[in-house]
Amino acid sequence: MLEIRDLSAGYGHRHVLEQISIKASEGEVVGVIGPNGSGKTTLLKTITKVLEPISGTVLIDGTNIDEMQSTQIAKKVAVVSQVISINFEFTVEDIVLMGRTPYIKGSETVEDINIVRDAMEKTNTIFLKDRLITQLSGGELQRVIIARAFAQNPKILLLDEPTSHLDITNQIDILNLVKHASRKGMVVVAVMHDLNLAAYYCDKICLLRDGKLISVGTPDQVLTPSNIERAFNIAVEVIPNEITNSLYVIPVLEPLHETLH
Amino acid sequence: MAKPGKSVIFILALLLIAAVISNTAIGSTSISLDVSAKILVTKIFESILEMTGKIFPSVTANMQANGYYPVEKTWTDSQEVIISDIRLPRVLLAALVGAALSTAGCAMQGLLKNPMADPYIIGMSSGAALGASLAFVMLLPVQFLSFIGAVITIFVVYNISKIGGKVPVDTLLLSGIAVGSLLAAFTSLIIFISHSPHQIIFWLMGGLWTASWDKVKITSVMIIFGILVLYRFAWSLNVMLLGEEQAQYLGINIEQVKRYVLVLSALVTAAAVSVSGIIGFVGLIIPHIMRIIVGPDHRILFPASTLMGAVFLVLCDTFSRTILDSVELPVGIVTAMFGAPFFIYLLRKRRQSLYA
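Protein sequence lines, in the order shown, are assigned to chains A and B.
Whatever position you read off the first sequence (first residue = 1), add 7 for our numbering.
Whatever position you read off the second sequence (first residue = 1), add 83 for our numbering.
Honestly, the hints are just simulated from the structure, not real lab data.
This one's a predicted model, so the numbers in the text were calculated from it and none came from an experiment.
Where hints are given, some of them may not hold.
Cβ-Cβ distance ranges computed for the label pairs, FRET-style [what the hints assert, rightly or not]:
hint : chain 1 : residue 1 : chain 2 : residue 2 : range
1    : B       : Phe139    : A       : Ile120    : 54 to 62 Å
2    : B       : Ser90     : A       : Arg138    : 29 to 37 Å
3    : B       : Thr135    : A       : Gly113    : 28 to 36 Å
4    : B       : Leu311    : A       : Arg190    : 43 to 51 Å
5    : A       : Ile120    : B       : Leu430    : 30 to 38 Å
6    : A       : Ser15     : B       : Leu430    : 29 to 37 Å
7    : A       : Ile91     : B       : Tyr428    : 45 to 53 Å
8    : B       : Gly248    : A       : Gly69     : 24 to 32 Å
9    : B       : Arg431    : A       : Arg138    : 22 to 30 Å
10   : A       : Leu66     : B       : Ile94     : 49 to 57 Å
11   : B       : Val346    : A       : Leu66     : 35 to 43 Å
12   : A       : Ile120    : B       : Ile260    : 53 to 61 Å
13   : A       : Arg138    : B       : Leu311    : 31 to 39 Å
14   : A       : Ser15     : B       : Arg431    : 51 to 59 Å
Residues from chain B shown here face chain A by an in silico Cβ test under 7 Å; the list is partial [what the hints assert, rightly or not]:
hint : residue
15   : Thr293
16   : Val322
17   : Gly334
18   : Ile375
19   : Pro379
Glycine included, each C-beta is placed from N, C-alpha and C at the ideal position.
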């Protein structure tokens with residue numbers, strides 16, 4: 008259970024988040040959407056205590072993160088960022104083993120290795136075990152990073168635009184993995200850009216603009232044309248998608264040849 | 084792909100032992116390898132006997148009274164002095180300095196994520212050089228002042244770079260270079276106005292000709308301690324190679340790791356520089372070569388660099404003291420003359436980016 012209460016955060020005197028309150032429970036995928044610079048990544052940094060909040064509290068299973076050390080937080084919360092490039096020739100197994108960092112004292116135990124193997128099985132990366140991380144495709148790399156997050160045995164999984172730069176097959180693949188993890192009892196909070204994927208995968212959506220939460224609720228409640236126009240300054244139509252049984256958001260654009268003339 | 088890791092460490096350890104033994108046999112006075120090895124064995128035996136003597140005095144006294152020695156003495160006293168009081172401390176000091184520079188270079192490259200990094204990169208060598216120059220001019224102990232110079236420099240650079248409790252890596256690098264140039268200017272000034280600039284210039288080239296058992300004892304404590312504690316940060320450095328933010332998400336206190344790694348690298352580097360002057364190249368190139376061979380995992384890379392650095396400097400130092408009949412070359416010249424072409428060869432052969 009993750010609970011954020013009246014959280015304000017920022018860099019120096021600049022407030023990036025103001026008075027945010029969000030609750031996320033086990034088995035729930037909570038999407039965080041909003042335009043660039045609306046404070047989505049700052050929110051994730053504050054939850055992991057990488058950034059100290061200006062005011063407000065973050066509770067993990069009822070414990071204030073102020074009272075937790077960084078290794079304790081890393082045992083509860085794992086973060087998967089945008090596809091990162093790793094330029095050092097570690098093997099895939101080494102990278103996944105890094106997920107055990109908060110647990111390892113001295114050198115890794117048989118139990119650590121078993122957890123690592125298990126995380127690789129779940130993410131379908133075990134066949135890449137001995138490959139060099141520098142030689143993977145974007146989709147493979149992101150699955151390895153998710154395996155690393157699973158190896159942390161987290162209660163809470165935070166995702167920061169986990170599927171940007173990935174092709175559509177890999178996007179679906181990654182989000183299915185995440186959805187599955189949530190169904191197994193993880194709390195998932197995902198920053199997303201693609202509103203349609205958010206509508207399909209999230210149980211709850213938080214819409215941010217200029218560091219303020221302007222709407223929270225189910226995709227049906229949040230993804231309305233007026234909310235989206237308020238946040239993104241763009242006119243959209245929202246139509247029910249009968250195939251996926253979710254919503255479909257389309258920007259209302261003028262035909263292209265007219266814009267160009 | 085199986086990793087060569089542990090077997091490489093084992094081979095390098097054997098190589099180091101072989102290098103120490105064989106290189107004590109080489110020198111201007113010719114002493115055969117077997118005599119030199121016998122002297123070493125006897126010396127080791129004697130010191131063990133001396134140590135056990137403190138615990139079991141009767142056993143030792145009894146053995147000494149019976150003249151119980153493992154090998155028969157077939158050498159002269161002067162040979163024994165040359166081996167045990169002149170060459171052995173020198174070879175050991177070379178091994179210690181090589182190990183220190185190479186390990187510290189490895190740590191700095193990992194911490195700064197910069198392939199140009201070496202133990203001197205954040206101005207430590209300039210601080211040590213200024214300390215040594217002052218010592219030569221004012222007739223003070225060179226070893227002590229160069230050590231202090233290096234330690235003060237790292238302390239100043241670290242504090243200049245500190246912004247709100249954090250030390251950004253790029254700021255650290257840049258302030259190190261700035262402070263380094265400032266101190267180097269002072270050193271040049273001292274050389275320029277000094278009556279006998281040669282001493283300072285030779286010191287700057289790096290050499291081990293002042294080796295003694297005292298120096299081995301003082302530096303070995305600092306260097307071995309520093310290196311072993313650095314090894315404890317191997318895993319944290321691995322994780323930090325993925326980026327500082329990623330490392331924080333995995334629960335690593337990155338500022339604490341930076342502080343410890345910097346202080347420990349500074350300690351071993353200052354200890355090395357204070358007895359050897361500025362020996363270049365070892366701390367830059369040996370870690371790169373070992374990274375090509377064993378990969379980026381500091382748990383293997385650290386000990387591999389330590390051992391290879393020691394072997395490399397022992398060999399270079401023997402070359403520098405034996406190649407010319409009348410004089411010794413500063414070993415800093417030799418390390419670059421051998422190391423640079425070999426490294427260029429590796430760069431070309433690999434045909435891809437070496438680092439990052």
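Verification of the supplied hints:
At about 45 Å, the beta-carbon gap between Phe139/B and Ile120/A misses the expected band of 54 to 62 Å. For the hinted restraint 29 to 37 Å between Ser90/B and Arg138/A, the CB-CB distance of approximately 22 Å leaves it violated. For Thr135/B and Gly113/A, the hinted distance range of 28 to 36 Å is satisfied, since their beta carbons lie about 32 Å from each other. Taking 43 to 51 Å as the suggested C-beta distance range, the pair Leu311/B and Arg190/A conforms, at roughly 47 Å.
Take Ile120/A and Leu430/B: their Cβ atoms lie about 36 Å apart, and the range 30 to 38 Å holds. Hint check: Ser15/A to Leu430/B, Cβ distance near 51 Å, so the stated range 29 to 37 Å is violated. Roughly 33 Å separates the CB atoms of Ile91/A and Tyr428/B, a value that falls outside the hinted 45 to 53 Å. Between Gly248/B and Gly69/A the CB atoms are about 29 Å apart, so this pair conforms to the stated range of 24 to 32 Å.
Between Arg431/B and Arg138/A the Cβ separation comes to about 26 Å, which falls inside the hinted range of 22 to 30 Å. Taking 49 to 57 Å as the suggested C-beta distance range, the pair Leu66/A and Ile94/B conforms, at roughly 54 Å. In this structure the supplied range 35 to 43 Å holds for Val346/B paired with Leu66/A, their Cβ-Cβ distance being about 37 Å. Range check, Ile120/A to Ile260/B: Cβ separation about 43 Å, and the 53 to 61 Å hint is violated.
A hinted range of 31 to 39 Å for the beta carbons of Arg138/A and Leu311/B is consistent with their spacing of about 33 Å. Range check, Ser15/A to Arg431/B: about 56 Å between beta-carbon atoms, so the 51 to 59 Å window is met. The interface hint given for Thr293/B is broken, as the beta carbon of that residue sits about 39 Å from the closest beta carbon of chain A, more than 7 Å. The closest approach between the C-beta of Val322/B and any C-beta of chain A is roughly 5 Å, which is under the 7 Å cut-off, so the hint is satisfied.
For the restraint placing Gly334/B at the interface with chain A, the shortest Cβ-Cβ distance is roughly 3 Å, inside the 7 Å limit, so the hint holds. At its closest, the beta carbon of Ile375/B sits 10 Å from a beta carbon of chain A; the interface hint therefore is violated under the 7 Å criterion. Interface hint at Pro379/B: satisfied, since its Cβ lies 4 Å from the closest Cβ of chain A, which is below the 7 Å cut-off.
In terms of the numbered hints stated before, the structure departs from hints 1, 2, 6, 7, 12, 15 and 18, listed from lowest to highest.
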